[in-house]
Amino acid sequence: MSFQHNEKANAVNYAHTLLAGLNLPPLSDSTFLDIHPAINNVRSGVQGFPQGKNKIIPVALANYADGALLALKSIARNHTVKNNLPESGASLLGERMALFNTQTGQTVSAGGSCHLLKSRDGYLAINLARDEDTDLLPALTNGKVSAPTDKKMLENIFKEFCIEDLIPRGRDLGLAIAPVTLPDYNSFDNWVDVSCSSPSQRPSTSTSPLVVDLSSLWAGPLTGSLLASLGAEVIKVESRTRLDGARRNENDPAGEREFYNLMNGGKKSFTCDFTTQKGRQQLLKLIECADIVIESSRPRALRQLGIHAEKLVAEKPGKVWLSLTAYGRGAATENIIGFGDDIGVAAGLSALMEIIHGHPLFVGDAIADPLGGLHGALAAWSCWINGGGLINLALYKVLGFALSQDPLLRDFNKNDLIRRTSDWANEINMSGENPYPIRKASKPAPLPGQHNEEVLRKLDAL
Amino acid sequence: MVQIKAGTKLFSAVCDTQIMVLRVPADDLDVTCGGLPMQTEEAAEKSSMSGDAGEGSLVGKRYVDEAETMEFLCTRGGEGNISVNGVALEIKQAKRLPSSD
Chain A
1 MSFQHNEKAN
11 AVNYAHTLLA
21 GLNLPPLSDS
31 TFLDIHPAIN
41 NVRSGVQGFP
51 QGKNKIIPVA
61 LANYADGALL
71 ALKSIARNHT
81 VKNNLPESGA
91 SLLGERMALF
101 NTQTGQTVSA
111 GGSCHLLKSR
121 DGYLAINLAR
131 DEDTDLLPAL
141 TNGKVSAPTD
151 KKMLENIFKE
161 FCIEDLIPRG
171 RDLGLAIAPV
181 TLPDYNSFDN
191 WVDVSCSSPS
201 QRPSTSTSPL
211 VVDLSSLWAG
221 PLTGSLLASL
231 GAEVIKVESR
241 TRLDGARRNE
251 NDPAGEREFY
261 NLMNGGKKSF
271 TCDFTTQKGR
281 QQLLKLIECA
291 DIVIESSRPR
301 ALRQLGIHAE
311 KLVAEKPGKV
321 WLSLTAYGRG
331 AATENIIGFG
341 DDIGVAAGLS
351 ALMEIIHGHP
361 LFVGDAIADP
371 LGGLHGALAA
381 WSCWINGGGL
391 INLALYKVLG
401 FALSQDPLLR
411 DFNKNDLIRR
421 TSDWANEINM
431 SGENPYPIRK
441 ASKPAPLPGQ
451 HNEEVLRKLD
461 AL
Chain B
463 MVQIKAGTKL
473 FSAVCDTQIM
483 VLRVPADDLD
493 VTCGGLPMQT
503 EEAAEKSSMS
513 GDAGEGSLVG
523 KRYVDEAETM
533 EFLCTRGGEG
543 NISVNGVALE
553 IKQAKRLPSS
563 D
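Here the protein sequences come in this chain order: A and B. Each step along the first sequence adds one to the number in our numbering, with nothing skipped, and position 76 is 76. Just remember that our numbering sits 462 ahead of the position in the second sequence, which is counted from 1.
No lab work stands behind these hints: they were computed from the structure. Note that beta-carbon positions come from the ideal geometry of N, C-alpha and C, so glycine has one too. A hint or two may mislead.
As the list claims (entries may be wrong) - Pairs of lysine-lysine, DSSO-like flavour, derived with a Cα cap of 27 Å:
id, chain 1, residue 1, chain 2, residue 2
1, B, 523, A, 311
2, A, 311, A, 82
3, A, 144, B, 508
4, A, 278, B, 523
5, A, 443, A, 53
6, B, 467, A, 144
7, A, 159, B, 471
8, B, 508, A, 151
9, B, 467, A, 151
10, B, 471, A, 144
11, A, 159, B, 554
12, A, 285, B, 523
13, B, 467, A, 152
As the list claims (entries may be wrong) - Listed next, the stretches of chain B that the computed footprint assigns to chain A, with coverage defined by at least 3 CB atoms under 8 Å from CB atoms of chain A:
id, region
14, 490-496
15, 506-512
16, 542-551
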């Protein structure tokens, strides 16, 4: 079965679906020229570089990214602002790989920290992204491995354990760990959950919203940068003792610095010490002033600092709070951490590769991050237009919902998926398409705390 | 006293606190919460706290002794303070953010 343009996998239809999920009207201008999902995947870089060498990804990831950006463009205030946004949503999926010169389509993630390992009853992904994560491996394995450990040792020990033992224990320990399984794609009702503070209209849409961006790494900062492109004033806020780990300095490769600039150029930088009373007061005041807050922490982290999203949203009509989590707010899931690659595994992508190609493989580079960042911007900006609220955006649900638009996944059909994969392979072989050009950062990202004085002066004047 | 090793889960006898052992020295340890020994099973009924509660335990925080010879992760917070051999444990500083995921 070849791709048909009436499938929901095409970008325009996906944009309509996303807008409908926000109770917004469909695109008024749907002249966007859809390209074949396989070609779009290759051009986006999600298939890896050099193009097309990896195992075929049989789902339309690049088209979903294009659809999310199309929807965002449709709610932009005017044409000028629209032109500040990236040209293609798809190109965002591969830009970190292009700039970091990394590879995908293997059993280790492009970023290098996430591993697909075999347990007694199937594969799982474990992402040891933080230095201290390896300290947790003895506890994860009941003392069977001692830290420090290497991957070989982990591979051998994991074979002794079952998935249902490792996943809950790993999540208790605060590790990013996910099974290689297909979720039930019929269970994704919507991609976002917004609780509106009150039906009252926010004061005015004429001014630019003030965005306080507490997020780090990729998804949240991408959302912040897209909102900056839409005309918002964005202040990136970091704890002075715990800066965004994605920051790079002049000794780092130019590509890695450029990626940080793409995510954070055009923002202001404010730092304070979250561990002191004074720093926490500054943080709270800034958050209170914000029209839009972006954060990608576990809810308990801010609660432990005395910052309560629900209360702050209720107190200021019109305020938008974008809570980006791995699996969603709520007692059952809000303490589970996840990064882009392991969330991609949880959403079924590696299981899909195993079913089609015989081996579980990573798909793209931290795929849930760029997709989550695009959807986050759409959710935050539309919520700002609609009068505010608390947005519960789970990266897992964004990706799961996107994939659930694919009829071959919803009513899972292995034979049709295999047929599609070979059709797409032929399509790619016939085309000599180049990857999308890599974006250039319009401005360098500010140094940590570069705008402290200016921000404090504004706070004092209030 | 219970034999504990990395991966052992311990429950408070007085409050909701739950911890997991990350690393411990080979010595016998008297791990208490709210003044009473912690247990490997959750008690059906909680006892009352012995002595002052202190600040309690915070979920997600790592707790260490002063010399950092042992480390525990709080997997559920509660009102009781965690102590080992009569000395209250301290919160370890937050993990550094990853440089890339």
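Okay, the hints, checked on the actual structure:
Our distance criterion of 27 Å between C-alpha atoms is met by residue 523/B and residue 311/A, whose separation comes to about 24 Å. Restraint check for residue 311/A and residue 82/A: the C-alpha separation of about 33 Å exceeds 27 Å, so the hint is violated. Taking the CA atoms of residue 144/A and residue 508/B, the gap is about 32 Å. The hint is violated against a cut of 27 Å. The hinted pair formed by residue 278/A and residue 523/B meets the criterion: a straight-line CA distance of about 22 Å does not exceed 27 Å.
Distance restraint check for residue 443/A and residue 53/A: the Cα-Cα separation of roughly 34 Å exceeds the 27 Å cut-off, and the hinted pair is therefore not satisfied. For the hint linking residue 467/B to residue 144/A, the alpha-carbon distance of about 10 Å falls within 27 Å, and the restraint holds. A threshold of 27 Å between alpha carbons decides the hint, and for residue 159/A with residue 471/B the separation of about 22 Å falls inside it, so the pair holds. Of the pairs offered as hints, the one joining residue 508/B and residue 151/A is violated, with about 42 Å between alpha carbons and a cut-off of 27 Å exceeded.
This hinted pair checks out: residue 467/B and residue 151/A have alpha carbons roughly 22 Å apart, not beyond 27 Å. For the given pair, residue 471/B sits about 16 Å from residue 144/A by alpha-carbon distance, which is consistent with the 27 Å threshold. The straight-line distance between the Cα atoms of residue 159/A and residue 554/B is roughly 32 Å, outside the 27 Å bound, and the hint therefore fails. Taking the CA atoms of residue 285/A and residue 523/B, the gap is about 25 Å. The hint holds against a cut of 27 Å.
Simply put, residue 467/B and residue 152/A have alpha-carbon atoms about 23 Å apart, close enough for the 27 Å limit, and the pair holds. Only residues whose beta carbon comes within less than 8 Å of a beta carbon in chain A count, and the region 490-496 of chain B has 0; fewer than three means the coverage is violated. Counting residues of the region 506-512 of chain B whose C-beta sits closer than 8 Å to any C-beta of chain A gives 0, which falls short of three, so the coverage hint is violated. Counting residues of the region 542-551 of chain B whose beta carbon lies closer than 8 Å to any beta carbon of chain A gives 0, which falls below the threshold of three, so the coverage claim is violated.
The structure is inconsistent with the numbered hints 2, 3, 5, 8, 11, 14, 15 and 16, although it conforms to all the rest.
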